[in-house]
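Protein chains: 2
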Amino acid sequence: MNTHVDCIACVVNKANKLADKYFDDKHKKYTFMNKVLREIADIDYDRTAPFLVAKVMRILKDETGIDDFYSEEKSLFNKKLMSMERQIEDILDNSKDKFVTALKIAMAGNIIDFGALDEISFNLVEEIINKTLNSDFNEELCRILMDDLSKSKILLYLADNAGEIVFDKIFIKEIVREYPNVEVFFAVRGKPVLNDANEEDAYFVGINEYATIISNGTDLPGTDLLEVSDEFKEIFNKADVIISKGQGNFESLPGCRKNVYYLFLCKCDLLMKKFKSEKLSNIFIHESDL
Amino acid sequence: MNTHVDCIACVVNKANKLADKYFDDKHKKYTFMNKVLREIADIDYDRTAPFLVAKVMRILKDETGIDDFYSEEKSLFNKKLMSMERQIEDILDNSKDKFVTALKIAMAGNIIDFGALDEISFNLVEEIINKTLNSDFNEELCRILMDDLSKSKILLYLADNAGEIVFDKIFIKEIVREYPNVEVFFAVRGKPVLNDANEEDAYFVGINEYATIISNGTDLPGTDLLEVSDEFKEIFNKADVIISKGQGNFESLPGCRKNVYYLFLCKCDLLMKKFKSEKLSNIFIHESDL
Numbered sequence: 000m001n002t003h004v005d006c007i008a009c010v011v012n013k014a015n016k017l018a019d020k021y022f023d024d025k026h027k028k029y030t031f032m033n034k035v036l037r038e039i040a041d042i043d044y045d046r047t048a049p050f051l052v053a054k055v056m057r058i059l060k061d062e063t064g065i066d067d068f069y070s071e072e073k074s075l076f077n078k079k080l081m082s083m084e085r086q087i088e089d090i091l092d093n094s095k096d097k098f099v100t101a102l103k104i105a106m107a108g109n110i111i112d113f114g115a116l117d118e119i120s121f122n123l124v125e126e127i128i129n130k131t132l133n134s135d136f137n138e139e140l141c142r143i144l145m146d147d148l149s150k151s152k153i154l155l156y157l158a159d160n161a162g163e164i165v166f167d168k169i170f171i172k173e174i175v176r177e178y179p180n181v182e183v184f185f186a187v188r189g190k191p192v193l194n195d196a197n198e199e200d201a202y203f204v205g206i207n208e209y210a211t212i213i214s215n216g217t218d219l220p221g222t223d224l225l226e227v228s229d230e231f232k233e234i235f236n237k238a239d240v241i242i243s244k245g246q247g248n249f250e251s252l253p254g255c256r257k258n259v260y261y262l263f264l265c266k267c268d269l270l271m272k273k274f275k276s277e278k279l280s281n282i283f284i285h286e287s288d289l
Numbered sequence: 000m001n002t003h004v005d006c007i008a009c010v011v012n013k014a015n016k017l018a019d020k021y022f023d024d025k026h027k028k029y030t031f032m033n034k035v036l037r038e039i040a041d042i043d044y045d046r047t048a049p050f051l052v053a054k055v056m057r058i059l060k061d062e063t064g065i066d067d068f069y070s071e072e073k074s075l076f077n078k079k080l081m082s083m084e085r086q087i088e089d090i091l092d093n094s095k096d097k098f099v100t101a102l103k104i105a106m107a108g109n110i111i112d113f114g115a116l117d118e119i120s121f122n123l124v125e126e127i128i129n130k131t132l133n134s135d136f137n138e139e140l141c142r143i144l145m146d147d148l149s150k151s152k153i154l155l156y157l158a159d160n161a162g163e164i165v166f167d168k169i170f171i172k173e174i175v176r177e178y179p180n181v182e183v184f185f186a187v188r189g190k191p192v193l194n195d196a197n198e199e200d201a202y203f204v205g206i207n208e209y210a211t212i213i214s215n216g217t218d219l220p221g222t223d224l225l226e227v228s229d230e231f232k233e234i235f236n237k238a239d240v241i242i243s244k245g246q247g248n249f250e251s252l253p254g255c256r257k258n259v260y261y262l263f264l265c266k267c268d269l270l271m272k273k274f275k276s277e278k279l280s281n282i283f284i285h286e287s288d289l
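Residue numbers (numbering that gives the first Met the number 0), protein chains in the order written: chain A, 0 to 289; chain B, 0 to 289.
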């Protein structure tokens, strides 16, 4: 999806906020912002928003010497959500249609992007899950996915944020239980970028019990097929089904003509406009419907 | 005032909104945004926000062939406010301290930046004036200004927006009445930029009855001493008192070490933070207090 032009101002805003956070000195902020503007101006028109974000984050890494800006946040989210795993699974166990519920739980997990760490309680998480369980939902597409999985050998599951991957684990556990013949690959980012999950996050929450953890080989907060590693590309190409979590993957993958099911919460004006939906509304859509 | 670095993201946002308004075609938007990013990146660190805005507007003029984007809006504001002139003067005539009231009316006029043209009624204008009349105010600085004017020969009054200049006219009329020995120069922008007043706007509302209308010779939405014409500079240098209206002038002039009284409403996060004030709160401050 070509979102680049419409995403420029948003990425510059994000860079400005990061600059205010990491540079006390105005001259350092100037050097950073100047590099950001030049870098973004140099990027080809048809590149995606996650590509822009990665470029900005690389400059920020260079200028600050910090490699992982969200390591503390990611660790906290992983631990917090792991401490709630049993309670979230109870919601699943008490539901009628476990697959649908597990998918909706994974969808609700995409909310794990909010800033105020201290405020995450199980009550809040439960509230978000319940809201998602009761919201409008493409049941038909869910049936098509189930049918797909029943005939598939390889599922590639594209992760988004740390913390959120605990919800993904619950969904994947359910997939593996219902479709034991499917081999699941769980792809994370290759290097730290924003609060996106990396391999250590996936191992920490125990995804490896149900899936093979792989890296996409990049520091992009999305899945850009021009940038991913050959190892990732190989599994991407042979996957029968792909489940793609989060907005970053959605911003980079459409047009790939693969069997992709996108699952995310709408977090920016551009996508709200595209889907005629409100902020944080659930999107569950197939590549062929874009 | 060096606001450049902190203003970059804001100016890019403004450019993005203008691009969405004037370019249907994504490739044209790309060409424009790309030029904007490169131009801003090339600007020296110590230039001001109005300088950045002018550069963006020049690119927009080049790309669209439109010279005056707000001509309709400016004309409408001028006419609307002129139709209310008598009623606004009634407020002044019924006040105890006419000079203070006239200054506050001019201050309230800086609100004439709002988007919804159709909604301007006298009731709304009266409400804004009354709110300003009753708000906290630096009475002491007002007395200092009055004392200054009583001893001055030349007052330079720096205008901001079309429409707003009707409020300025009422204030200037009062200044001329109270201090008949002061010669008043009313400076507007040299070329169209945003909804800022130009010479034709000033003549349209009849400022020439009380002041000599001059142009600052630039297309900057502020008063940048590196850019203004020699004619303007001459009057600027010999003025005993300068009254500067609006945020654009405030963003470009501080540091000039002249006898400037700034009068504006706080319209951006940066200035709200600087003055620890809310959005649209009144600022009346002297150059020596910055």
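Treat the hints as calculated values from the structure; they're not laboratory data.
Careful, some of the hints might be misleading.
[To be verified] If you only want the chain B side, here are some residues facing chain A, beta carbon under 8 angstroms, derived: (1) Val4; (2) Ile7; (3) Val11; (4) Asn15; (5) Tyr21; (6) Lys25; (7) Met32; (8) Asn33; (9) Arg37; (10) Ala40; (11) Ile90; (12) Leu91; (13) Ser134; (14) Phe136; (15) Pro253.
[Stated by the list, open to error] Straight line, CA to CA, 30 angstroms or less: simulated DSBU-like cross-link-like pairs of lysine-lysine: (16) Lys130/B with Lys16/A; (17) Lys257/B with Lys34/A; (18) Lys272/A with Lys172/B; (19) Lys13/A with Lys97/B; (20) Lys78/A with Lys130/A; (21) Lys272/A with Lys13/B; (22) Lys257/A with Lys78/B.
[As the list claims (entries may be wrong)] Among the chain A residues that face chain B by a calculated CB cut under 7 angstroms, a handful are: (23) Ile39; (24) Ile42; (25) Phe121; (26) Asn122.
For clarity, every value in this text was computed on a predicted model and none was experimentally measured.
The beta-carbon is built from N, C-alpha and C at its ideal position, and this holds for glycine as well.
Evaluation of the provided hints:
no., hint, verdict
1, Val4, "holds, 5 angstroms"
2, Ile7, "holds, 5 angstroms"
3, Val11, "holds, 5 angstroms"
4, Asn15, "holds, 4 angstroms"
5, Tyr21, "violated, 14 angstroms"
6, Lys25, "holds, 6 angstroms"
7, Met32, "holds, 5 angstroms"
8, Asn33, "holds, 5 angstroms"
9, Arg37, "holds, 5 angstroms"
10, Ala40, "holds, 4 angstroms"
11, Ile90, "violated, 41 angstroms"
12, Leu91, "violated, 43 angstroms"
13, Ser134, "violated, 30 angstroms"
14, Phe136, "violated, 32 angstroms"
15, Pro253, "violated, 16 angstroms"
16, Lys130/B with Lys16/A, "violated, 34 angstroms"
17, Lys257/B with Lys34/A, "violated, 36 angstroms"
18, Lys272/A with Lys172/B, "violated, 50 angstroms"
19, Lys13/A with Lys97/B, "violated, 48 angstroms"
20, Lys78/A with Lys130/A, "holds, 23 angstroms"
21, Lys272/A with Lys13/B, "holds, 19 angstroms"
22, Lys257/A with Lys78/B, "violated, 60 angstroms"
23, Ile39, "holds, 6 angstroms"
24, Ile42, "violated, 9 angstroms"
25, Phe121, "violated, 35 angstroms"
26, Asn122, "violated, 33 angstroms"
Violated hints, listed in ascending order, are 5, 11, 12, 13, 14, 15, 16, 17, 18, 19, 22, 24, 25 and 26; each of the other numbered hints is respected by the structure.
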